[in-house]
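With the sequences and hints as input, model every part of the structure.
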Amino acid sequence: DVKVTQSSRYLVKRTGEKVFLECVQDMDHENMFWYRQDPGLGLRLIYFSYDVKMKEKGDIPEGYSVSREKKERFSLILESASTNQTSMYLCASSWVTGPQSNYGYTFGSGTRLTVV
Amino acid sequence: AQKITQTQPGMFVQEKEAVTLDCTYDTSDQSYGLFWYKQPSSGEMIFLIYQGSYDEQNATEGRYSLNFQKARKSANLVISASQLGDSAMYFCAMREGLLGGSARQLTFGSGTQLTVLP
Numbered sequence: 001d002v003k004v005t006q007s008s009r010y011l012v013k014r015t016g017e018k019v020f021l022e023c024v025q026d027m028d029h030e031n032m033f034w035y036r037q038d039p040g041l042g043l044r045l046i047y048f049s050y051d052v053k054m055k056e057k058g059d060i061p062e063g064y065s066v067s068r069e070k071k072e073r074f075s076l077i078l079e080s081a082s083t084n085q086t087s088m089y090l091c092a093s094s095w096v097t098g099p100q101s102n103y104g105y106t107f108g109s110g111t112r113l114t115v116v
Numbered sequence: 001a002q003k004i005t006q007t008q009p010g011m012f013v014q015e016k017e018a019v020t021l022d023c024t025y026d027t028s029d030q031s032y033g034l035f036w037y038k039q040p041s042s043g044e045m046i047f048l049i050y051q052g053s054y055d056e057q058n059a060t061e062g063r064y065s066l067n068f069q070k071a072r073k074s075a076n077l078v079i080s081a082s083q084l085g086d087s088a089m090y091f092c093a094m095r096e097g098l099l100g101g102s103a104r105q106l107t108f109g110s111g112t113q114l115t116v117l118p
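Protein chains in written order, with the numbering used here: chain R, 1 to 116; chain B, 1 to 118.
Keep in mind that the hints were calculated from the coordinates and are not lab data. One should not assume that every hint holds.
Straight-line distance between alpha carbons at most 25 Å, and here's what the computed DSS-like set of lysine-lysine pairs gives [to be verified]:
#1 K3(R) <-> K53(R)
#2 K16(B) <-> K57(R)
#3 K55(R) <-> K18(R)
#4 K16(B) <-> K55(R)
#5 K70(R) <-> K3(R)
#6 K57(R) <-> K70(R)
This is the structure in structure tokens:
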């Protein structure tokens, strides 16, 4: 069964800490994405990557960075966590080419981060 | 401007009845895709149905169908014969520039919380 795995389901961190959220996919997908989900706002794109070591900013990149050293792994980094980064974080991956229906995503199960 | 608009924050439906969840979109691309995802309380995002902008037929997947009205830029999800397990958050999403071949992100609406009543 194909999977996108996020390393933590729940995390509690202190303000100012450096936080790493890890995501691994086993489908050989080129694209990987990080979203945050907040009530009433839906999913908002933070960063995405279309190849190893490549990254592009999404709609809300401030306060975040990413790393993609291997094709299967995409990490989201909160350089100095703040309380307004308390949220659900969802990782996803997808193909670049292929039948159009494959242009959707496979999602991880999410990491609920609380910054106190 | 919002690219994906879901105007119903919450909906209720009686078990075994049909329900329509609204979605309108905004794009200037000719080639795009529309998706619906379901998110139960457990948090995972489940792909339900896809409609391509050039598809002439409305997409159907079991009890799910997508009412695609291109001129109105709407892509409503219809769930027939609702079940208690359909209670979840539903997201409409769009991917633009499908012919470009490069990474194109999905843009999501704010979601509709559906509750199925016994």
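Hints numbered earlier in the text: which of these fail when held up against the supplied structure? 2 and 4
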